[in-house]
Amino acid sequence: MAQSVLLISRSAPWAGVNAAEALDIALAAGAFDLPLSVLFMDEGVLQLLTQQQPQLLQQKDVTAQLQALPMFGIEQLYVAQQCLNKRGLAQSPLALDAEHLDDTQIQQLIRQFDHVITL
Amino acid sequence: MAQSVLLISRSAPWAGVNAAEALDIALAAGAFDLPLSVLFMDEGVLQLLTQQQPQLLQQKDVTAQLQALPMFGIEQLYVAQQCLNKRGLAQSPLALDAEHLDDTQIQQLIRQFDHVITL
Amino acid sequence: MTTLHILNTSPTASTQFSSCLRLISAGDAILLTGEAVQALRDGSVGAQALSSTNALCRLYALEDDVQARGIDTTHIGVTVIDYPAFVALCVEHTRVNSWT
Amino acid sequence: MTTLHILNTSPTASTQFSSCLRLISAGDAILLTGEAVQALRDGSVGAQALSSTNALCRLYALEDDVQARGIDTTHIGVTVIDYPAFVALCVEHTRVNSWT
Amino acid sequence: MKFVINVLSPSTAPATRRALVFAQAVLAAGHDIVRVFFYQDGVLTASNTQVVAQDQPDIAQQWQAFIVEHQLDAVVCIAAALRRGVLDQAEAQRYQKDAVNLAAGYELSGLGQLHDGVQQADRVISFGGA
Amino acid sequence: MKFVINVLSPSTAPATRRALVFAQAVLAAGHDIVRVFFYQDGVLTASNTQVVAQDQPDIAQQWQAFIVEHQLDAVVCIAAALRRGVLDQAEAQRYQKDAVNLAAGYELSGLGQLHDGVQQADRVISFGGA
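Protein chains in written order, with the working numbering: chain A, 731 to 849; chain B, 731 to 849; chain C, 147 to 246; chain D, 147 to 246; chain E, 26 to 155; chain F, 26 to 155.
Derived by calculation from the structure, the hints in this document are not laboratory data.
Backbone N, C-alpha and C fix where the C-beta goes; we use that ideal spot for every residue, glycine too.
Just so you know, not all the hints are guaranteed correct.
[Stated by the list, open to error] Which bits of chain A does chain D cover? Going by a derived footprint, with three or more residues having C-beta under 8 Å, they are: (1) 750–760; (2) 840–846.
[As the list claims (entries may be wrong)] Quick list of the computed label-pair ranges, beta carbon to beta carbon: (3) F:Glu94 - A:Gln783: 23 to 29 Å; (4) E:Gln86 - C:Gly189: 48 to 54 Å; (5) C:Ser164 - F:Leu52: 57 to 63 Å.
[Said to hold, decoys possible] For the chain B half of the interface with chain D, some residues (derived, Cβ under 10 Å), not all of them: (6) Leu787; (7) Asn815; (8) Glu829.
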C-alpha cells in the first residue's frame with residue numbers, strides 16, 4: 731500500500747516561490763496517484779483567501795495550482811483555525827473547501843500519516 | 731565632511747553568512763577611514779558573546795572580524811540592552827567593549843547618522 | 147531629522163514589527179511593503195500592534211501590495227501610496243531604515 | 147506512533163517554537179538544532195516557552211550546536227545528543243517533522 | 026532502515042552542513058539512503074561555481090564528495106534549479122545559456138523522484154532554513 | 026537627489042522586484058541613481074543562467090535590461106558573489122571554474138564601492154528579505 735504524506739504549507743503566497751513550490755509537491759503526488767493531504771498553517775493560510783490580485787506584483791500565481799489540487803485528486807485539505815483567527819480571517823470565505831481544524835485535531839491528524847513534509 | 735553610517739546588525743553569528751557579511755561592511759568602512767558605528771540588536775547581540783566554538787560547526791568565524799573592528803578604527807559599538815535581557819544575557823560578559831543602550835537611547839542614536847543600513 | 151522605516155515581513159512571521167516599533171521617534175514614518183501589509187487586516191494581531199503607534203508617527207502602505215492581497219484599509223489610519231509617492235517619502239525624511 | 151519534531155530557528159526570531167509546541171502530542175520528542183538551541187539559555191524567553199512542554203514530551207538538543215554556542219544546559223531538562231543518537235531518534239519515532 | 030533526505034537550503038546555511046553530517050551518520054549506523062533530494066534553495070548547493078575562501082570549509086564540495094564516494098542517488102529538482110540558474114548540459118543547450126554549472130554526481134529530474142523516494146523510505150527528513 | 030540602492034535578495038524574492046520598480050520611479054522623478062549595489066543573496070540576481078517559465082515575469086532579466094538601458098553603475102560584491110557561485114570571466118579563470126554566469130551590465134567589485142556610493146548619496150535604501 732502506498733505511504734501517506736502530510737504536507738504542511740506554512741508560506742504566504744506572495745513571499746517568494748516557497749508556497750508555489752510546496753503546492754508543486756502536492757500536484758506531483760496527485761499525478762502519481764499517491765495519498766497526500768495538505769495542511770495550511772501559519773502564513774500558509776493566506777494562500778486560501780479569495781479576492782487576490784497577484785498579477786499586480788508580477789508574481790507566480792498560486793491560484794491555478796490550488797484549483798488544480800482537486801483535479802489531481804488531492805482532496806484532503808485542512809486549514810488551522812487558530813492561524814486564521816490571529817490574522818483577522820476567522821470569517822473570511824476561502825477559495826478551497828478546506829476543513830477547519832483546531833490544535834487538538836491537528837495533533838490527531840499528524841499521527842495518521844507515514845510521513846510529514848513541512849515547507 | 732564624510733557622511734556617517736549606522737550599521738544595525740540583527741543576525742546571529744551561526745545562522746549563515748549574514749552576520750559576517752554585515753561585519754565586512756563595517757571593516758570596509760574602517761579601511762577607507764569612514765565614520766561608521768555598529769549597533770547589535772535582535773539576534774545580532776549573540777555575536778558579542780564569549781566562550782563560543784564556531785569551529786565545531788565548520789563555519790566562518792566572526793570572532794576575528796569583531797576583534798579587527800577596533801584595529802580598523804571602528805570603535806563606536808552599541809548593543810541593545812533589551813535584546814540581551816530577552817535572551818537571558820543581561821549579565822553576560824561581552825567580547826567587545828560595546829555601549830549598552832536602552833530603547834530611548836537607540837532612538838536618539840539613529841537620529842545622529844546620515845544613513846542607516848540594517849542587515 | 148526624521149527617519150522613514152520600511153517593513154517587509156508579516157507581523158505574525160517575524161520580529162521586525164516589534165523591533166521597529168520600539169525604536170521609532172516622533173515624526174518618523176513607517177512604510178509597510180510586501181507581507182508587512184498583512185498588519186492592516188482588521189482584527190489581526192498586526193493591527194493591534196500598529197494601533198499604539200498612530201499618535202507617534204504616520205503610517206503608509208504600498209498600494210500594489212495592499213491591492214494584490216485584497217486588503218480593506220478603510221478601518222485603519224493608513225495612507226496608501228504608489229511608487230512615485232514612495233520616492234517622495236524617501237526625499238522628505240532625512241534617512242531611510244529598511245528592515246530586511 | 148510518535149513524532150520527532152526538529153526545530154532550527156531561534157525562539158526570538160521566528161514562530162517555529164509557538165507553532166510546534168501547539169501541535170505536539172504526548173510521547174512526541176523535540177530536537178533543537180541550529181539556532182533553536184538558544185531556547186536553552188537560562189532566563190531566556192525561549193526557556194520559558196519550553197518549560198510548559200516538559201511533562202508532555204522529551205526534549206533533545208544537538209551537541210555540536212549547544213557547545214559551539216557555549217550554552218550551559220545544566221539548569222534545564224534536556225538530553226544533549228550527537229549525530230549517531232540523532233539518527234537513532236529518527237528510527238525510534240514513527241515519523242519526522244522538520245520545521246524548516 | 027531506508028532514509029530520504031531533503032536539502033532545502035544553499036551551502037552557506039548551517040542546515041545544509043547538518044544534513045551532510047546527519048547523512049554520514051545514517052550510513053555509519055548501517056542504514057540506507059534511498060535518495061537525497063535537493064529542492065527550493067537547496068538546488069544552489071549542487072552548483073559547481075561556488076568559491077570558498079581557503080581557510081573556510083567548503084560544504085558544497087563536501088556534499089559532492091560524499092555523494093560521489095557513496096554513489097548516492099542525488100536528485101536536483103529541475104524546475105527549482107532552472108528558476109535559480111543551476112543547469113546541466115542539456116538544459117543549458119535547451120535554453121541557450123552559455124554556462125553549465127551542475128556539479129558532477131547530481132542529476133536534474135522532476136518532483137516525481139521525491140515521491141518515488143518517499144514511497145521507498147522508512148523515514149523522510151528535511152533540512153532547510155538556517 | 027542622489028540615491029544608492031542596495032539589492033540583498035535573489036530574483037525570486039518580491040523585494041527584488043520592489044527594488045526595480047522603486048528604481049524606475051526614482052529616475053522617473055528626475056533623481057539620480059549613483060549606484061545599485063548587489064550584496065548577500067542579491068548577487069544571485071546578477072546571474073544570467075536563471076530560466077523563468079514563459080508565462081512568468083523574469084525579474085532578473087528586467088533588472089538587467091533596466092541597468093543596460095540607463096547605463097547604471099551596477100556593482101556586485103565580489104566576495105558575496107564568489108561564495109554563491111556568480112563569476113565573471115576573470116574570476117572563473119582565477120579559480121579554474123568552467124562556467125561564467127555574471128550577466129552583462131554588472132561589474133564585480135569590492136565593498137569599497139558600496140561606501141563610495143554611500144558617500145556620494147543623499148539617500149541609501151536597501152531591499153532585502155522577502
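(request) Check each numbered hint from earlier against the structure, then list the numbers of those it violates in ascending order. (result) Checked against the structure, the hints that fail are numbers 1, 5, 8, while the rest are satisfied.
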